[in-house]
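Let the hints inform the model, and build the full structure from the sequences given.
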Amino acid sequence: MNIDSIQNGFVIDHIPAGRGMKLYELLGLESLDCSIALIKNVGSRKMGKKDIIKIDEAISIDFDIIGFISPEVTVNIIRDGVIVEKKSMALPKVLTGVIRCKNPRCITSCEQELVQKFKLTDPEGHVYRCVYCETKANYDN
Amino acid sequence: MRSLIDILDFSAEEVNALIDDAKDMIAHPEKYSEICKGKKLATLFFEPSTRTRLSFEAAMLELGGSVIGFSDAQNSSSSKGESVSDTAKVISCYADIIAMRHPREGAPLVAANAASIPVINAGDGGHNHPTQTLADLLTISREKGRLNDFTIGFCGDLKFGRTVHSLISALTRYEGIRVVLISPEELALPGYIKKDVIEKNGMICTQTTDLEAVMSELDVLYMTRVQKERFFNEEDYLRLKDSYILTPQKLKNAKSDLCIMHPLPRVNEISVAIDDDPRACYFKQVLNGKHVRKALIVKLLKEAGAI
Ligand SMILES: [Zn+2]
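If you're matching them up, the sequences are chains A and B in order. Read in order, the letters of the first sequence are residues 0 to 140 in numbering that gives the first Met the number 0. Read in order, the letters of the second sequence are residues 0 to 306 in numbering that gives the first Met the number 0.
It is worth saying that the hints were derived from the structure and are not from the lab. No experiment lies behind these values; they were computed from the predicted model shown. Glycine included, each C-beta is placed from N, C-alpha and C at the ideal position. Honestly, I wouldn't trust all of these hints.
FRET-style restraints, in silico, Cβ to Cβ [to be verified]: (1) B:Pro102 with A:Met20: 34 to 40 Å; (2) A:Val93 with B:Cys92: 42 to 48 Å; (3) A:Leu31 with B:Glu302: 44 to 50 Å; (4) A:Gly42 with B:Ala11: 48 to 54 Å; (5) B:Ser115 with A:Asp139: 37 to 43 Å; (6) B:Asn147 with A:Leu31: 28 to 34 Å.
Dropping the structure here:
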């Protein structure tokens, strides 16, 4: 599958090599029936190596998740075989319902129905902290 | 609805105003003796802390209000599996303000998000304890006559000591504070607090393992308890627990107006021989804690339109 083969969907490009799989998980792509390609370690002039995800369906996407994985990522939105929009990403200020707090003493670890919420506390260091207990989290969680 | 979960929820101006209010309550208690008449404080203590609970309850009684609540989780609905949110909503129907202590970090924030009345965090695990910090600030302000331009030494367990982390955060908002960190390497201040709080705010900070060597520089000495449960093994605890005990001998070179603080309870970090020294301020801290909680209760009830 290459970009030309996608009629309606997304090409998520410039994912730092190694984070493609994590992004695939966080976007919940394993539950979809459409064609999806996760391409790892593609050569890139800008990044050395990168990952790419192609999705051949106009699903709804939480762009905060992509920005959280890396603000370097670009998303090409494809409709009727042509790129209608090239979106660049940014680190979201707040991340809701995406990752779980790993602190066993956190209230969210015993009250499972609480919405997991993280705030960007250090944009340079790409650091998020749980709003409840301030435990650090990043895309490796 | 305004609550106090983290000391930084309040601006520096609000904290200063609260300290001024507390001082006025100390000077003129009669002015405030009926200000909370007919109002109820609910003390929801999901883990026991008699000292903090009684401080809140005494504060409310001195304001003419009354108190309801429970003092450990066994006596509460949480033992039947009720969520913190539901407890907060239920208590909102009975009381006008909540003081909550909970072993889980973030539980008071969950309560504040659900409650329709103000919530005061009275300690959430090893995380926050903002009214202790307010008590510390009031104590320094009363003893030194200012909250800027002084050198404060933090001694003992700086790794797990939440009162230390919280007071350092609060002090970043004042000018001319010099921080001296005194601890064994095993219990040093966490790197992220040094980086995110001290360095980011350009505070002057030095680090040492030798209390006596820095004693003469200090205007305030904040002692902490080295807790046994913080250690993975008994040997480390036994080796370190006595390293940072304050004795009259160690105070030999201290300033004559040094202010010695401790969040209490102490085990043996401060020799009882120091209790009669005019520089010992840790029991004054307890009293200041009650006064600043009075000021806080009044502030939050006023903002909520309840008084
Ligand atoms: Zn958490």
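A quick look at each hint next to the structure:
| no. | hint | in the structure |
| --- | --- | --- |
| 1 | B:Pro102 with A:Met20: 34 to 40 Å | holds, 36 Å |
| 2 | A:Val93 with B:Cys92: 42 to 48 Å | violated, 31 Å |
| 3 | A:Leu31 with B:Glu302: 44 to 50 Å | holds, 49 Å |
| 4 | A:Gly42 with B:Ala11: 48 to 54 Å | holds, 53 Å |
| 5 | B:Ser115 with A:Asp139: 37 to 43 Å | holds, 39 Å |
| 6 | B:Asn147 with A:Leu31: 28 to 34 Å | violated, 59 Å |
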